[in-house]
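Q: Chain residues, written in single-letter form:
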Amino acid sequence: MSQEEEIDDRGFKRDLLSSLPNLRAFAVSLTGRHDKADDLVQDTIMKAWANQSSFTAGTNMRAWLFTILRNEFYSQMRKRGREVQDSDGLFSERFSVHPEQYGRLDLQDFRKALDKLPDDQREAIVLVGAAGFAYEEAAAICGCAVGTIKSRVSRARTRLQELLGVSGESDYGPDAGDAAITARAFGS
Amino acid sequence: MSDEENRNPNDMTVLQSSEVKPGAVQPNASISRKLREFYDAVQEEGIPDRFLDLLERLEQAEKNAKSVNAK
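Protein sequence lines, in the order shown, are assigned to chains W and H. Residue numbers for the first sequence follow this note's numbering, so the first one is 1 and each next one is one higher. Residue numbers for the second sequence follow this note's numbering, so the first one is 189 and each next one is one higher.
It should be emphasised that the hints constitute simulated quantities derived from the structure, not laboratory data. Glycine included, C-beta positions come from ideal geometry on N, C-alpha and C. Keep in mind that a hint or two might mislead.
Said to hold, decoys possible - Derived lysine-lysine pairs resembling PhoX-like cross-links, with alpha carbons at most 25 Å apart:
hint, chain 1, residue 1, chain 2, residue 2
1, H, K251, W, K150
2, W, K150, W, K116
3, W, K36, W, K47
4, W, K13, H, K254
5, W, K47, H, K251
6, W, K79, W, K116
7, H, K254, W, K47
Claimed, not checked - Covered, in the sense of this in silico footprint (three residues per stretch, anywhere, with C-beta under 8 Å from a C-beta of chain H), are these stretches of chain W:
hint, segment
8, 15-27
9, 38-45
10, 66-78
Same shape as in the complex, but just chain W (with noise of 0.2 Å):
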């Protein structure tokens, strides 16, 4: 092996591992489970070592590696011929299982209330508000377009302040008419 060759797996196996938490953390969106996410991301980590070659230096692995990701998780749905919109009754199974994978207490809620959320809204609004992608990025990842991914977004802020009933605090104001807004504008 050439030394430049040595230096490009070292590089790729350093970007892979810099972008393992941020992909994980999406996985366990993805699936609401902790060892679903693992198994997720192992499945990912062979496929994009696999397929390295076809990954362009230079370019951004993490919306890569998203991408695989992301494909992977709905094939492997499609396979267990599982409804991808049934996301009630994902909810049901996931927390029936291990409850104490749930994470911090006080998070426990907001995790319930994305995980009610469909799952096209879920990665939407993970992907721009969490997972730090822009909206064009997130559209290349889910191939869709950008408008598509931004109302994606909207509906599950909105989604998300009924389920979490947000109120009192400083919540209200004037978010309040925004989200009411937002709904008209989206009919969700």
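Use these hints to put chain H onto chain W, whose structure you have.
A: Only chain H this time, still in chain W's reference frame:
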């Protein structure tokens, strides 16, 4: 967005100025904050050993394959 620097600048459209950071400009501050708290809590768990071991094995397997090919 420090880790976005390697993005192709042509990817960005007119949306950039107002909409790239929804958490910063969207009105639903409480939802955005909780989402990030949830997400960051998972990120802070770090990288489980099983993935470090897996990468180690993949790397080793690749090295072995290459040294066989080189002979």
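Q: Given the hinted pair K13 (chain W) and K254 (chain H), is their alpha-carbon gap at most 25 Å?
A: holds (17 Å)
Q: Are there at least three residues in the segment 15-27 of chain W whose beta carbon sits under 8 Å from a beta carbon of chain H?
A: holds (count 7)
Q: Keeping to a limit of 25 Å between CA atoms, is the pair of K251 (chain H) and K150 (chain W) held or broken?
A: violated (44 Å)
Q: What's the verdict on K79 (chain W) and K116 (chain W), does the C-alpha distance respect the 25 Å limit or exceed it?
A: Satisfied, since the Cα-Cα distance of roughly 22 Å is no more than 25 Å.
Q: Apply the coverage criterion to the segment 66-78 of chain W and chain H: a residue qualifies when its Cβ sits closer than 8 Å to a Cβ of the chain, and three qualifying residues are needed.
A: violated (count 0)
Q: Take a quick look at whether K36 (chain W) and K47 (chain W) sit within 25 Å of each other, Cα to Cα.
A: holds (17 Å)
Q: Quick one, are K150 (chain W) and K116 (chain W) close enough, alpha carbons at most 25 Å?
A: holds (19 Å)
Q: Within the segment 38-45 of chain W, is the number of residues with a Cβ closer than 8 Å to a Cβ of chain H three or more?
A: holds (count 4)
Q: When you check the alpha-carbon spacing of K47 (chain W) and K251 (chain H), does it fall within 25 Å?
A: Status holds; Cα separation ~18 Å.
Q: Straight-line Cα separation of K254 (chain H) and K47 (chain W) no greater than 25 Å?
A: holds (19 Å)
The structure does not agree with the numbered hints 1, 10 stated previously, though it agrees with the rest.
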